[in-house]
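Student: Each chain is listed here by its residues.
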Amino acid sequence: METVEQLKSRIEATAPASVVTILANDSPSGQRSLLLSPALALDVARFLRDDPQLKLDYASNVTGIDWPETLTKEKVKVKKLVDGVEKDVEETVEKRVGGYLEVVYHLYSMALKHGPVILRMRTENRSDKVHLPSFTSIWRGCELQEREIFDLYGVVFDGHPDLRRILMWDGFLDHPMRRDYVEPDDYEYEPTPHGAVLDKAKRHHNPEVKP
Amino acid sequence: MDEGLRSELSKQGIFTTSLQDLYNWGRKNSVWPLQFGLACCAIEMIATTMARYDLARFGAEVFRPSPRQADLMIVAGTVTKKMAPQVVRLFNQMPEPKYVIAMGACAISGGPFKQGYNVLKGIDRYIPVDVHIPGCPPRPEALIHAFMTLQQKIQDQNLTSAKRPRHLDADEPGEFDVPKFGEHDLEPPLNAGVWQPKTVTRTA
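So the sequence lines, in the order shown, correspond to chains A and B.
The opening residue of the first sequence carries number 1 in our numbering; numbering runs sequentially from there.
The opening residue of the second sequence carries number 212 in our numbering; numbering runs sequentially from there.
Please note: incorrect hints may appear among the correct ones.
[As the list claims (entries may be wrong)] For lysine to any residue, the following SDA-like pairs were computed, each having C-alpha atoms within a straight-line distance of at most 25 angstroms:
(1) Lys325/B / Glu102/A
(2) Lys409/B / Pro207/A
(3) Lys293/B / Leu144/A
(4) Lys239/B / Thr227/B
Simulated from the structure, these hints should not be mistaken for laboratory data.
Please put together the full structure from these sequences, using the hints given.
Tutor: Structural data, given as structure tokens:
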């Protein structure tokens, strides 16, 4: 099995550059993934499936991730002129991280018995620009899982043959797996509450109490 | 009827009873459950009907595949909010007299999925439940015990007084409101005529 760097260079030989970015992974597994730009992602996916050395013919898993926009503060040392003398000054810089939805595909090869290759795609934001290309035309098994991500995260897959809600009912407006989802308040009767349920029950009976 | 006289007569081989007792005795021994299950509790329900536990001993061996022919609904498993209107609709389609056993933690309260956004916190929010069985899942013995409790309840029904059961009272509802799919939750979230949240008072 090729490394992600080899994969990236092979993909870039067939497609224009800046299609693929390698994403680092700090966890113990160190399993790095390929971030695709949505515009050309279908060509890359078709290449990964059809290439004789890869033959990634099986998408075992499709997952969604919600990355809400968060502000992180970092201290950066900056050289500045203070009273005519150059000095190192610490400045806090606010960084905006996230603010998009991500879809993860795990690919394996049944023919060559290797894998996984992990693909990721990101939407532009979390509200209106949430379109990504559907891989159902390449891996048929993505159909239901993409529907599930559409249902629970609100990613709209262009080119999907039958994009409907799958777990929640039609007419349901929310996307329950998003971080900012507010669940319906039906905690009016809790015989033995504790933990998060206790907090919700308290909020139901006294909405002014903040958790 | 005098108990002493009844006892004397039975010694002479004469059996006396009231119409009410005879009617209830007949009904309690031929309760036909509706054949439907929602989750893992249904596996225990199926085991209860099989040879080892043999629910047929209590006259409930005929699981009817149509609600029109069933007397008892065993809500066996997690009731999701998407499934809840269908469960209520099935119950509405059953002819009176009809009974409900809520089987397992999910059916009585939402159970381990109670904090989920998509699980109904107890089917008794929409339909009247006669017997609740806790357990995850309850053993077949527990279902048999619930069934015997229901039989006792049927035997004790008073057919003429003000406390007569629902099917003999024209003012009592035989059908219950089917909740609608709302934009964020089921609407209404509970049927106030069937279930109202208890007020829990706590100290400290």
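Student: Within 25 angstroms, alpha carbon to alpha carbon, are Lys409/B and Pro207/A?
Tutor: 18 angstroms, holds
Student: Going straight from one Cα to the other, do Lys325/B and Glu102/A come out at no more than 25 angstroms?
Tutor: 28 angstroms, violated
Student: For the pair supplied as a hint, Lys293/B and Leu144/A, confirm whether the alpha-carbon distance does not exceed 25 angstroms.
Tutor: 18 angstroms, holds
Student: Are the Cα atoms of Lys239/B and Thr227/B separated by 25 angstroms or less?
Tutor: 19 angstroms, holds
Figure legend: structure checked against the earlier numbered hints; the only hint not met is number 1.
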